[in-house]
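Assemble the whole structure, with the sequences as input and the hints as a guide.
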Amino acid sequence: MKPEKCVGSYHPKWFGLALQALVVLSRDSVRICPSAELAVYLQSEATLLRRILAILAKGGILDTREGRDGGYRLRRDPHTLKLSEVYTVLQVGNLLCSGIRDTAGTHTFGKEMDGIFGDLTAEIDRSVLDTLEKYTVGQIAERAFGCADLAVAATPDAGKLEY
Numbered sequence: 001m002k003p004e005k006c007v008g009s010y011h012p013k014w015f016g017l018a019l020q021a022l023v024v025l026s027r028d029s030v031r032i033c034p035s036a037e038l039a040v041y042l043q044s045e046a047t048l049l050r051r052i053l054a055i056l057a058k059g060g061i062l063d064t065r066e067g068r069d070g071g072y073r074l075r076r077d078p079h080t081l082k083l084s085e086v087y088t089v090l091q092v093g094n095l096l097c098s099g100i101r102d103t104a105g106t107h108t109f110g111k112e113m114d115g116i117f118g119d120l121t122a123e124i125d126r127s128v129l130d131t132l133e134k135y136t137v138g139q140i141a142e143r144a145f146g147c148a149d150l151a152v153a154a155t156p157d158a159g160k161l162e163y
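So in full-length UniProt numbering, spot 134 of the sequence shown is number 134, and the numbers just go up one at a time.
Take these hints with a grain of salt, some might be off.
To be verified - Taking lysine to aspartate or glutamate and the EDC-like style, the derived pairs with C-alpha atoms no more than 20 Å apart in a straight line are:
#  : residue 1 : residue 2
1  : 111       : 123
2  : 134       : 123
3  : 82        : 63
4  : 13        : 119
5  : 82        : 142
6  : 13        : 85
7  : 82        : 133
8  : 134       : 77
9  : 13        : 112
10 : 82        : 130
11 : 82        : 125
12 : 58        : 77
13 : 82        : 28
14 : 134       : 85
15 : 111       : 63
16 : 58        : 85
I should point out that these hints are in silico values taken from the structure, not numbers from a laboratory.
For clarity, every value in this text was computed on a predicted model and none was experimentally measured.
The structure is reproduced here in structure tokens:
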């Protein structure tokens, strides 16, 4: 078994934070939104959110604007942005699959289990992607914005995000 290490990169919960940010950015009234404002609205940490949003920008999902009036915006119509694209850009599946495979030892049994885990995790990843392929950020936004909580801003300072 490989030793456990603390990795400062991708984490599965990033997918949930990314989807929430994309849903907020999908609103017509949100043109450019700073990460600090998104973080307050999502009740998250701005630095963490910036790391996630940077990956989405690098993956072609978001545009960025620097400076005092800077922030993030969706690069395209949210109804064309499939959840599978977000999942793939964030490499969420790789984490789960490698985490399972990392538990196998280097002895004969471990090598056999690694092969079995490889088959299982490939099937899991395909299944997840097939499910996420059915949904878009726009569809999730339509469901989310039916929620009463979104009618109230997270804080008085988050006026731009009031819906």
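Outcome of the hint check:
1. 111 with 123: Satisfied, since the Cα-Cα distance of roughly 19 Å is no more than 20 Å.
2. 134 with 123: Roughly 17 Å between the alpha carbons, so the hint for residue 134 and residue 123 holds.
3. 82 with 63: holds (17 Å)
4. 13 with 119: Answer violated: residue 13 to residue 119 is near 24 Å, above 20 Å.
5. 82 with 142: This hinted pair holds, its Cα atoms lying about 14 Å apart.
6. 13 with 85: holds (16 Å)
7. 82 with 133: holds (6 Å)
8. 134 with 77: holds (16 Å)
9. 13 with 112: Violated. Residue 13 to residue 112 sits at ~30 Å, over the 20 Å cutoff.
10. 82 with 130: holds (11 Å)
11. 82 with 125: Since the Cα atoms of residue 82 and residue 125 sit roughly 16 Å apart, the hinted pair holds (cutoff 20 Å).
12. 58 with 77: holds (17 Å)
13. 82 with 28: holds (18 Å)
14. 134 with 85: holds (11 Å)
15. 111 with 63: violated (44 Å)
16. 58 with 85: holds (13 Å)
Hints 4, 9 and 15 from the earlier list are contradicted by this structure; the remaining hints agree with it.
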